[in-house]
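Colleague: One line per chain: the protein sequences are A and H, in this order. For the first sequence, the numbering used here begins at 1 and goes up steadily by one. For the second sequence, the numbering used here begins at 1 and goes up steadily by one.
Errors might be hidden in some of the hints.
Said to hold, decoys possible - Cross-link-like lysine to aspartate or glutamate pairs, in silico, EDC-like; alpha carbons within 20 Å at most:
(1) H/Lys5 to H/Asp31
(2) H/Lys68 to H/Asp31
(3) H/Lys105 to A/Asp85
(4) H/Lys105 to A/Asp84
(5) H/Lys42 to A/Asp85
Said to hold, decoys possible - Chain A regions said to be covered by chain H (calculated; three or more residues, Cβ under 8 Å):
(6) 39 to 53
(7) 104 to 113
As the list claims (entries may be wrong) - Just the calculated beta-carbon pair ranges, DEER-fashion:
(8) H/Met94 to A/Thr5: 25 to 33 Å
(9) H/Ser7 to A/Ala80: 35 to 43 Å
(10) A/Ile12 to H/Ser10: 24 to 32 Å
(11) H/Ala29 to A/Ile12: 38 to 46 Å
(12) H/Asn67 to A/Thr14: 46 to 54 Å
(13) A/Thr5 to H/Pro82: 23 to 31 Å
(14) A/Thr115 to H/Pro40: 20 to 28 Å
(15) H/Glu56 to A/Phe69: 37 to 45 Å
(16) H/Glu26 to A/Glu82: 23 to 31 Å
(17) H/Lys15 to A/Thr5: 31 to 39 Å
(18) H/Pro40 to A/Gly58: 22 to 30 Å
(19) H/Lys5 to A/Ala80: 27 to 35 Å
The set of hints was computed from the structure by calculation and includes no laboratory data. Quantities reported herein were computed from a predicted structural model and do not represent experimental measurements. Think of the CB as a built atom: it goes at the ideal place given N, C-alpha and C, for glycine as much as any other residue.
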Amino acid sequence: ETGVTQSPTHLIKTRGQQVTLRCSSQSGHNTVSWYQQALGQGPQFIFQYYREEENGRGNFPPRFSGLQFPNYSSELNVNALELDDSALYLCASSPQGGGRLSEQYFGPGTRLTVT
Amino acid sequence: QQQVKQSPQSLIVQKGGISIINCAYENTAFDYFPWYQQFPGKGPALLIAIRPDVSEKKEGRFTISFNKSAKQFSLHIMDSQPGDSATYFCAASMGNRDDKIIFGKGTRLHILP
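Kindly produce the complete structure, drawing on both the sequences and the hints.
Modeller: In structure tokens, the structure reads:
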């Protein structure tokens, strides 16, 4: 069974630029959630995708957007990057059905630095 | 308003001792309470989780104690080992109604060899 994978591992961008982060869900999982983890803080929920539709969103501005593909992989896009967007971006996937959507398994994350 | 409050912020325990991390929550609609372990440079790993219909769950050296009336829950790590040194997050979610996980701010645990 393959776990959650994310790419790239690290990324450096300039303020105002746009970035795309990628996530492959764990085998058998059809739900993907994205979180932002600032240094020394707990992860904060950005949004979740279920069967290619957004299924819940946290308190993040519209310049944070996402996609989920038919194979359940996902992308997180951030436009007009700000310095405060520097963080570890985590992707988590959940098993199908059975009331187990809360069992979220995290990938290693993408470390984004905005200068 | 922080929905899940975690303490202490950092903890030092002797090898073989018991590590205890406490959390409190406000929203009574939460019905799933996981604990995550995170090593530097890694994503959080699901350690153990509990639902409010039980007061305790044990998996190996890790035990969750849950007090529904007090809206508190805690993680106990028995026989703590240096390899347990990591940041631990308590969390809560409302399951199928709202699948986002609300995390505490984390506890940095250091086990002295």
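Colleague: Hint by hint, note whether the structure agrees.
Modeller: Each hint tested on the structure:
Pair hint H/Lys5 plus H/Asp31 holds up; C-alpha atoms about 16 Å apart against a cutoff of 20 Å. Among the hinted pairs, H/Lys68 with H/Asp31 is consistent with the structure: their alpha-carbon atoms are about 10 Å apart, no more than 20 Å. Between H/Lys105 and A/Asp85 the CA atoms are separated by roughly 18 Å; this keeps the pair inside 20 Å, and the hint holds. Between H/Lys105 and A/Asp84, the direct Cα distance comes to roughly 18 Å. Compliance with the 20 Å bound is thereby established for this hinted pair.
Note on H/Lys42 and A/Asp85: the hinted pairing holds, with a Cα-Cα distance of about 19 Å set against a maximum of 20 Å. Three residues within the 8 Å Cβ limit are the bar, and the region 39 to 53 of chain A against chain H gives 7, so the coverage statement holds. Judged by the Cβ-Cβ criterion of 8 Å, the region 104 to 113 of chain A is covered by chain H as claimed, because 6 of its residues qualify and three suffice. Between H/Met94 and A/Thr5, the C-beta spacing of about 28 Å keeps the proposed range 25 to 33 Å intact.
At roughly 37 Å, the beta carbons of H/Ser7 and A/Ala80 sit within the given window of 35 to 43 Å. Checked against the hint of 24 to 32 Å, the C-beta distance between A/Ile12 and H/Ser10 comes to roughly 30 Å, which is consistent with it. At roughly 40 Å, the beta-carbon separation of H/Ala29 and A/Ile12 lies within the given 38 to 46 Å, and the hint holds. A beta carbon spacing of about 49 Å between H/Asn67 and A/Thr14 agrees with the range 46 to 54 Å that was offered as a hint.
For A/Thr5 paired with H/Pro82, a C-beta distance near 29 Å keeps the hint of 23 to 31 Å intact. Taking 20 to 28 Å as the suggested C-beta distance range, the pair A/Thr115 and H/Pro40 conforms, at roughly 22 Å. A hinted range of 37 to 45 Å for the beta carbons of H/Glu56 and A/Phe69 is consistent with their spacing of about 41 Å. The beta-carbon spacing between H/Glu26 and A/Glu82, approximately 30 Å, falls within the hinted interval of 23 to 31 Å.
At about 34 Å, the CB distance of H/Lys15 to A/Thr5 agrees with the hint of 31 to 39 Å. The given range of 22 to 30 Å is respected by H/Pro40 and A/Gly58, whose C-beta atoms sit roughly 25 Å from each other. For H/Lys5 paired with A/Ala80, a C-beta distance near 33 Å keeps the hint of 27 to 35 Å intact.
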